[in-house]
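Everything in the sequence shown is counted per the working numbering, starting at 204 for the first residue and increasing by one.
Worth flagging that the hints you see were computed from the coordinates, not collected in a lab.
There could be a bad hint or two in this list.
Unchecked claim - Once the Cα atoms are required to be at most 20 Å apart in a straight line, the calculated PhoX-like pairs of lysine-lysine come out as:
id : residue 1 : residue 2
1  : K558      : K602
2  : K613      : K633
3  : K396      : K373
4  : K613      : K602
5  : K396      : K407
Predicted model, so just to flag it, every value in this text is computed and none were measured.
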Amino acid sequence: MDRWGEVTVPTQVALRFVTGKYHANGWDHALNEGISEWPPSPWRLLRALISVWHTRCDDIPEEMIDDLLTGLATEPPEYLLPAARPSQTRHYMPNPDFLEGVKHSTSLQLDPRLNLDGEAEVVIRWPNLTLPAGQRDALERLLRKLPYLGRAESRCEAWLLSDEHSQQEKGWVRPSETGNTQVLVPEPGVTRKQLETSSLEMRKARLRYPSGSRWVRYELPGEALSAPAHCEVNDLLRPTTVRWRLEPTAPFRVEDGILAAHGLRGRILGTKKENTDLREQGSGVEALAGHHGVFDDGPQHRHSHWLWLPTLGAGGELTGQVEDLVLWVPDGIPADTLSRLAGARYLPRWSNAPKGYRSGAELHLQLMGPVDTVMHEYTSADATTWVSVTPFLTDRFPKQNKPREEFAQKLVERELGFRHPGGTPPVRVKLLADWENRDVVRFRRYRWNESMARRRRGMLLRLDFDEPLPKGLGERPEPLVLGSLSHFGFGLFRPVER
204 MDRWGEVTVP TQVALRFVTG KYHANGWDHA LNEGISEWPP SPWRLLRALI
254 SVWHTRCDDI PEEMIDDLLT GLATEPPEYL LPAARPSQTR HYMPNPDFLE
304 GVKHSTSLQL DPRLNLDGEA EVVIRWPNLT LPAGQRDALE RLLRKLPYLG
354 RAESRCEAWL LSDEHSQQEK GWVRPSETGN TQVLVPEPGV TRKQLETSSL
404 EMRKARLRYP SGSRWVRYEL PGEALSAPAH CEVNDLLRPT TVRWRLEPTA
454 PFRVEDGILA AHGLRGRILG TKKENTDLRE QGSGVEALAG HHGVFDDGPQ
504 HRHSHWLWLP TLGAGGELTG QVEDLVLWVP DGIPADTLSR LAGARYLPRW
554 SNAPKGYRSG AELHLQLMGP VDTVMHEYTS ADATTWVSVT PFLTDRFPKQ
604 NKPREEFAQK LVERELGFRH PGGTPPVRVK LLADWENRDV VRFRRYRWNE
654 SMARRRRGML LRLDFDEPLP KGLGERPEPL VLGSLSHFGF GLFRPVER
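Hey, can you work out the whole structure from these sequences and the hints?
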C-alpha cells in the first residue's frame, strides 16, 4: 500500500522450463568455461520479450513496448528459485575444412546447462512496480508467446502472476552488496535500441558488456545451485594427466617445443599479479606451479610436468613439429583446478615472446584421466628398452678424457634414483648422440627467461633395463622423463615393446 492508501500490486512473472533444462551462458563467461547463468537475468528476459514482440506480437504499439521496458528496468527484481543442478556435454564441431578431409578439423564446444524439475517454477518479482492495465496486458501477451529463454533448447512456458506469491516473504533471493553471484540487469532508463544491441555490434564497438546494463549482486542460498551428489575424489580416481591438441596458425617447430610448454603453463597459471586470489599458498593453482612448499616432494619430481609431444614417423623419428601438449602431475591434479584446465582454449598472446613462439595458438582438449590412458604411446607395463624422444639434458660437466657414454650412465642412474627412491632395475645406457651432434644442438635448451649461455648439454640415449620399471599411482605405468628441464618436456623417452 502506498502513501495515498492505494494497494500496490507487485509485477510477478513465472517461468517453467518444460524439458527440465535451462541453457544460457552469462555475459561474463565464455561458453567453454561451462558455467551457466543463474538466476535468469532481467537483461536476458527483456531482450527475449523484444524478440517476441518483433516476431509474434508486432501489433502491440511501439510506445507501449517502450513504456513497458522502462517500467521493468526501474529496479532489480527478486527471485523465488527452485533447486538447479549444473551439468554439461562435450561436442566436437566440424570446422569449415572438415569435409576436405583435413586431419583434426574439429573444435571442442561445451554445452553447459542447469537441470531442474520439469514442474518447478522460477518466479521473478518487481516488488515496487505496478504496471498500468495496458502494459500489464501487453506483458501477459508477450509472456504467453515466449517459446524459450536462453538458448533455443531452453523451451519454456511463461505467464503473469496475480498477487498470490506477494504474500510469501520467505525464500526470496534479493539484491545484496555482498552477494555471491552477479546478475546483468538493465540500467533505469535503458532504451530499446540498447537492449537490441547484438554481440557482433558489441565486438565492433569494443564493448565488454552491453551499454545500458549493470551488474547487481545477489546472495544465492547454498541449495539454489547444487552440484549432483558425488563421491570424494580419492587418489585412485583423481586424474593425473590432461592432453591438448595444439593448432597454431603456423606450427611450433620441435626445436622450440619448450616455448609451447611455457605458453601452456602461462595459460593455466597466469601471473601472480593477475591471479593473486587463485595462487594463494596451498591452492590448487599454486600447487601446479610446482613449489616444494606445497608438495614437499623434494627431488622426487612428483609435481607438474608441462610436456610437448612431437609428431613421430612410422619408425619413431621426429617429423619436425609439436602436435600435442600435456600436463602430467604424477601424484594427481588438484580437484579445484580441473575446470580451469578444461577451459584452456589458446596459448597467451605475449608481446615479448621470443622467436618461435606462436601467440594465440588454439588448444583443443583431447583427454583427461590416468597417464597410461592419456599418454598411452609413452607408457608401458612390461617394456625394458626406452629410447629418447627429446634430448636428455644436464647442467653437469663431463670429466676430460673420460668416455661420454660413462658420463651418461652415471647421470641416468642418478636421475633414476631421484625418480624412484625405492630403487629401479639395473640399466645399461647407450649414447646415440651427444651435445655436439646436430640432432641435439638444434634444440632450444634453455627456458624463456634464460639466455643462450644457460643452454644445457643434451644427449639422445637408449636405456636397457633388466626388468620393467616400477609402476606409479594406482599401480599404473608412468612415462619416463629424466634430467634437467624434464618438467618442460626434455628427457622424454618412449618404450620399445618387446
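Consistency of the hints with the structure:
1. K558 x K602: violated, 34 Å
2. K613 x K633: Holds, because 12 Å separates the two Cα atoms, which is no more than 20 Å.
3. K396 x K373: Since the Cα atoms of K396 and K373 sit roughly 37 Å apart, the hinted pair is violated (cutoff 20 Å).
4. K613 x K602: The given pair, whose Cα atoms are some 12 Å apart, holds under the 20 Å limit.
5. K396 x K407: Distance of about 16 Å is within 20 Å: holds.
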